[in-house]
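K.L.:
Letter by letter, the chains look like this.
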Amino acid sequence: MPPQDRRQRLDALRDTIAGIERKPALIEARQRVEAEGDGFPQLPRGLVQEVYADASRDGGGSLAFALAQARSLLNTRRPSIFYVQLAQDAQALGLPYGPGLTWFGLDPASLTIVRTADMMEFLWATEEIISCRAVAAMVADIKGSPRLLNFTASRRLSMRASSNKVALFMLRYGSRQETSASHLRWRLSSQPGSKNPYDSKGLGAARWRLRLEKGRIAGQRTEWLLEWTKNGLAVFTSPSTDSSFARQSTTVPGAVSALLGDRFSEAS
Amino acid sequence: MLYLPYWATDFLKRADPGLRDAPLVLFERIKGGLRLGAVEPQLLRQGLRIGQNLADARAIFPHLVVQEMNRPALADAFEGLADWHSNASPLVSILKDVNAFGDLVLDVTGVSHLFGGEQAMLRTLLSRLRALGYTVSGAIAPTIGAAWAVSHFARSQVVENASLETILDALPVAGLRISESQISGFLQMGLTTIGQVRQRSRKQLQARFGSSLLLRIDQAFGQIEERMTPRLPPIDHHVDRKLADPVSLMDDVLMITHDLAVKLSFMLEAEGQGAQSFHLFLYRVDHKVMTLSLNSGRLTRDPHHISDLFRHRAQRLGGEYDAGFGIDMVRLAASSIEQLDQVQTGAFSDESGLVDIDRLADRLASRLGTAAVLKTELLASHVPERAARLVPAQAAAAAVSVQTPLLQRPLRLLPFPEQVAITAQVPDGLPALMIWRRAPYRLTKGQGPERLGGEWWRQRARLKLVEPPPPKKPEPGEKPEQPSYVPDLPLCEPFAGTRDYFIVEDGEGRRFWVFRQGLYGSGQQTTWYLHGIFP
Numbered sequence: 001m002p003p004q005d006r007r008q009r010l011d012a013l014r015d016t017i018a019g020i021e022r023k024p025a026l027i028e029a030r031q032r033v034e035a036e037g038d039g040f041p042q043l044p045r046g047l048v049q050e051v052y053a054d055a056s057r058d059g060g061g062s063l064a065f066a067l068a069q070a071r072s073l074l075n076t077r078r079p080s081i082f083y084v085q086l087a088q089d090a091q092a093l094g095l096p097y098g099p100g101l102t103w104f105g106l107d108p109a110s111l112t113i114v115r116t117a118d119m120m121e122f123l124w125a126t127e128e129i130i131s132c133r134a135v136a137a138m139v140a141d142i143k144g145s146p147r148l149l150n151f152t153a154s155r156r157l158s159m160r161a162s163s164n165k166v167a168l169f170m171l172r173y174g175s176r177q178e179t180s181a182s183h184l185r186w187r188l189s190s191q192p193g194s195k196n197p198y199d200s201k202g203l204g205a206a207r208w209r210l211r212l213e214k215g216r217i218a219g220q221r222t223e224w225l226l227e228w229t230k231n232g233l234a235v236f237t238s239p240s241t242d243s244s245f246a247r248q249s250t251t252v253p254g255a256v257s258a259l260l261g262d263r264f265s266e267a268s
Numbered sequence: 001m002l003y004l005p006y007w008a009t010d011f012l013k014r015a016d017p018g019l020r021d022a023p024l025v026l027f028e029r030i031k032g033g034l035r036l037g038a039v040e041p042q043l044l045r046q047g048l049r050i051g052q053n054l055a056d057a058r059a060i061f062p063h064l065v066v067q068e069m070n071r072p073a074l075a076d077a078f079e080g081l082a083d084w085h086s087n088a089s090p091l092v093s094i095l096k097d098v099n100a101f102g103d104l105v106l107d108v109t110g111v112s113h114l115f116g117g118e119q120a121m122l123r124t125l126l127s128r129l130r131a132l133g134y135t136v137s138g139a140i141a142p143t144i145g146a147a148w149a150v151s152h153f154a155r156s157q158v159v160e161n162a163s164l165e166t167i168l169d170a171l172p173v174a175g176l177r178i179s180e181s182q183i184s185g186f187l188q189m190g191l192t193t194i195g196q197v198r199q200r201s202r203k204q205l206q207a208r209f210g211s212s213l214l215l216r217i218d219q220a221f222g223q224i225e226e227r228m229t230p231r232l233p234p235i236d237h238h239v240d241r242k243l244a245d246p247v248s249l250m251d252d253v254l255m256i257t258h259d260l261a262v263k264l265s266f267m268l269e270a271e272g273q274g275a276q277s278f279h280l281f282l283y284r285v286d287h288k289v290m291t292l293s294l295n296s297g298r299l300t301r302d303p304h305h306i307s308d309l310f311r312h313r314a315q316r317l318g319g320e321y322d323a324g325f326g327i328d329m330v331r332l333a334a335s336s337i338e339q340l341d342q343v344q345t346g347a348f349s350d351e352s353g354l355v356d357i358d359r360l361a362d363r364l365a366s367r368l369g370t371a372a373v374l375k376t377e378l379l380a381s382h383v384p385e386r387a388a389r390l391v392p393a394q395a396a397a398a399a400v401s402v403q404t405p406l407l408q409r410p411l412r413l414l415p416f417p418e419q420v421a422i423t424a425q426v427p428d429g430l431p432a433l434m435i436w437r438r439a440p441y442r443l444t445k446g447q448g449p450e451r452l453g454g455e456w457w458r459q460r461a462r463l464k465l466v467e468p469p470p471p472k473k474p475e476p477g478e479k480p481e482q483p484s485y486v487p488d489l490p491l492c493e494p495f496a497g498t499r500d501y502f503i504v505e506d507g508e509g510r511r512f513w514v515f516r517q518g519l520y521g522s523g524q525q526t527t528w529y530l531h532g533i534f535p
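The listed protein sequences correspond, in order, to chains A and B. Going left to right, the first sequence walks through residues 1 to 268 as full-length UniProt numbering numbers them. Going left to right, the second sequence walks through residues 1 to 535 as full-length UniProt numbering numbers them.
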């Protein structure tokens, strides 16, 4: 069999399997992403991504990773990001803080915070939000492993998210992993931040190591070392080398320049 | 005006069929004694009276059925009856001047034609209450005072403006809604009817009985307008659906609500208006009204949206929903009405998602409660926990944004700062070791301090003022100078609420926002807190 035919047949078979599994978004992710270069790809809408951090003390990093992606999905037709949390978890996890969002480069007015009383309402609110086609992204912050959030529930959410093209980020904590129907699963761990050029004891940019544990994007790559710059997420190659300002930083498409990015959410 | 003189006993007899033929009296404890509070009419005719000792009454009628009077419960039930009467007139109130329950005022201006005239309306109102077993008398009159007097002391009738004075003059003085002592005063004077009182000069009456009497007379005869405060807020737009057979399932009610919402939207559309508040009144067969109210974030008249909101609101109701023996009328009303122009959808509309977002927030708030759907509002304050606050998303649209300086702030803030143990190499230096939630963190990097002072103007403290000049000796003929007023507040301690904030990073790259309350060397105890988490 000539390699051309073989490849076509393989592609056709993959499409069929994906059609059976009804995961059109994942195919789209793979196809779109392969064209990008070395940097962190911009993931399309409609994906359910689980971001696992080791403990609730790492919640800052996982929220930042989710918001950094969500920020680039905002536009006038989808002007809003929703954040859902159980009311009882507020002290343990902390609530998104307006001035901090401004510093991060996200207009606090575009983030709506929903605090529910129990897990039943939490799931209802999640489903209601991702059914709305004017929502750019939704961040669900879940502490522990509630029994209601089983495979059936997550399958329901992932189908709803991909049919409405809403990005759903589920922030989870701990090392225990449950079966879920999410498209991608990340494991996020903090890395020592970059050096501050003016102060050896001072703080530079925040860095995280992201390991892709489930799903596939951009070929076979499963590990990224990311750095948060004001332009978006940048890749640095190894923890030892230091990123300078002139480094090739992949700007997340759609993000505005650093000067504007401080105060305004981008409007594309 | 409807007067239900035996409401207490009638109501209990209706609620409990076992009491129907029993001689029922209600007692209450007054000054340590048990006295009759309500007596049913038959026993009143046989010689019992209100206020009588319970033991005396028992001696006269050994077979009395006696219950303790629960005034709050009775008043509550009467309010339910009053609300139910809003199916006759939108303006209903309870007259509480004399008694907490028993007197019902309906403003029938512009309503009576729906019942075929005032006579027919009065007959309908009275007969439907009598059919339920209540003793009731009523009157329709130009003033509230006149209606009260006629309903209490004459047969039920409609009083016209022309015959108002002749009818009122013949009634006893108690019809003026005056106190017991005033009535007995009139009896001592030998005045029994209102007409006799009115022949006396007003000055003498005021000197003896006070101005309240004159006010009541003027109100009854219409010289002074008396106002009623309706129990339910007045509503401009409403649609009703009367049902031949009562329904009890919530699903049926919601279907009717959708029909009504369609009707209401036609009504609003014809006037080019939209509403923000919607109220659903469910009239139960047993004279209670259930009210569901909700708000929408922006003006709307979309029937699907309205009925969606009520569906979500009903799900939150859960066990509270009790249809009793059924619901026989449903009313959907709109308030907070303002002009809402038609918008063209299609070619030239901006495809902004804001409308959909507001509707989503409405739906979430109708199910989860308004306090659950929040937006951040930035305030002009440098204290971190006061610089932002969460407000309901529906109210946040109108808020004015303030320009705040761009500061490095954490992405997550703990609602309450948590105390941590911190050791530093030198007292004023960067923190080196932290114990938070029983886990140690070795802090390798740090940035700070950022010193934030307390808001002394919120602590009710006063700044140390310049010493006032010593008072001059008053020269003869001059008024002594008043010393300037200095409020008696504690002096301001400039460093009392001062915090030093540090951003610290541990060996694994986690970043926290910690602060030290109190300054080293100021003699106070210093305490460290963790306030936020950086990415």
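Source of the hints: derived by calculation from the structure; they are not laboratory data. Check before you lean on any hint, since a few could be wrong.
[Said to hold, decoys possible] Here are the computed distance ranges between Cβ atoms for each label pair:
| id | chain 1 | residue 1 | chain 2 | residue 2 | range |
| --- | --- | --- | --- | --- | --- |
| 1 | B | A371 | A | N75 | 21 to 31 Å |
| 2 | B | R241 | A | Q177 | 49 to 59 Å |
| 3 | A | N75 | B | V262 | 28 to 38 Å |
| 4 | B | A371 | A | G19 | 40 to 50 Å |
| 5 | A | E223 | B | E418 | 48 to 58 Å |
| 6 | B | G319 | A | E223 | 21 to 31 Å |
| 7 | B | R231 | A | N75 | 19 to 29 Å |
All C-beta atoms, glycine included, are put in the ideal place defined by N, C-alpha and C.
K.L.:
Against each hint, give a clear statement of whether it holds in the structure.
P.N.:
To see whether the hints hold, each was checked on the structure:
no.: 1; hint: B:A371 with A:N75: 21 to 31 Å; result: 30 Å, holds
no.: 2; hint: B:R241 with A:Q177: 49 to 59 Å; result: 54 Å, holds
no.: 3; hint: A:N75 with B:V262: 28 to 38 Å; result: 34 Å, holds
no.: 4; hint: B:A371 with A:G19: 40 to 50 Å; result: 44 Å, holds
no.: 5; hint: A:E223 with B:E418: 48 to 58 Å; result: 34 Å, violated
no.: 6; hint: B:G319 with A:E223: 21 to 31 Å; result: 52 Å, violated
no.: 7; hint: B:R231 with A:N75: 19 to 29 Å; result: 49 Å, violated
Hints 5, 6, 7, counting from the list given before, are not met by this structure.
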